[in-house]
Amino acid sequence: MPPLDAHLSPQLQQAVVTGLFVAIGWIVVASQTRRRDAALRRAREADLQRALLAEIRAHVFALEQQTPSAEDAEALIARIRSGDFVPTLPQQANDRIFSAVIADIHILPAPVIDPIVLYYRLLSIMGALATDLRRIARSDGGRAAQMMADYLSLMNETRDSGIQAIRVLTECLRGGAEAVDRMLDEDEAQAIAQLARHLPDDLARMRDRLAARDVSSRSSDPRGR
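Numbering (my numbering), first residue to last: 1 to 225.
The set of hints was computed from the structure by calculation and includes no laboratory data.
Note that the Cβ used here is the ideal one computed from N, Cα and C, for glycine as well.
Where hints are given, some of them may not hold.
Here are the in silico distance ranges between beta carbons for each label pair [to be verified]: (1) Leu20 <-> Asp114: 40 to 50 Å; (2) Arg44 <-> Arg121: 22 to 32 Å; (3) Thr170 <-> Ala100: 28 to 38 Å; (4) Asp84 <-> Thr170: 40 to 50 Å; (5) Ala204 <-> Val117: 33 to 43 Å; (6) Glu188 <-> Thr67: 23 to 33 Å; (7) Glu64 <-> Ser139: 23 to 33 Å; (8) Ser82 <-> Ala46: 45 to 55 Å.
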């Protein structure tokens, strides 16, 4: 007599075996589902990153083409200050893709989200500033000129932020979040090394300026104090 027959009836043994097969089937199906969901998530992440990369890259290229030289910027600000010139500034937000996928932005790797959000935040500020500038350009030339200087500075900052977002997105598509972390760590190390190289000279120049200022202040005192 088989050992189990002494304790379990054949019907109960069959039920146990059937239950084991069902449980194993559930585990297998659950594992396959998790793998499928993970693959779909990775594909969705990659699609979002490629779409955002294309939008950011296109606008950064446009910003590089639109950025005036220092001489042209000064001439432009002077014309606005006169009150006789209203600048033509882009009105489109250049964020259609970002607006369409913002609800899913959280699925991107953490190191990628911050540069993207910062870039589009600066882009939004640029749009608001452009609207205000056009509104007051003819009524308050002085204020409009200062706003134009701020707009040009913000344009440069937005372009640089966009370039950083492009770097992060490109690196993430190549090697994932770990590659982005390595890149950011290398950037930080280079920045610290550069600061260490220039800090002694900067401190020396600061000491020289303070010393020259001290001498100048003493020479202006008629009693030499």
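Now for the hints, and whether the structure bears them out:
{"no.": "1", "hint": "Leu20 <-> Asp114: 40 to 50 Å", "result": "holds (49 Å)"}
{"no.": "2", "hint": "Arg44 <-> Arg121: 22 to 32 Å", "result": "holds (23 Å)"}
{"no.": "3", "hint": "Thr170 <-> Ala100: 28 to 38 Å", "result": "violated (21 Å)"}
{"no.": "4", "hint": "Asp84 <-> Thr170: 40 to 50 Å", "result": "holds (44 Å)"}
{"no.": "5", "hint": "Ala204 <-> Val117: 33 to 43 Å", "result": "holds (40 Å)"}
{"no.": "6", "hint": "Glu188 <-> Thr67: 23 to 33 Å", "result": "holds (27 Å)"}
{"no.": "7", "hint": "Glu64 <-> Ser139: 23 to 33 Å", "result": "holds (32 Å)"}
{"no.": "8", "hint": "Ser82 <-> Ala46: 45 to 55 Å", "result": "holds (51 Å)"}
The structure does not agree with numbered hint 3 stated previously, though it agrees with all others.
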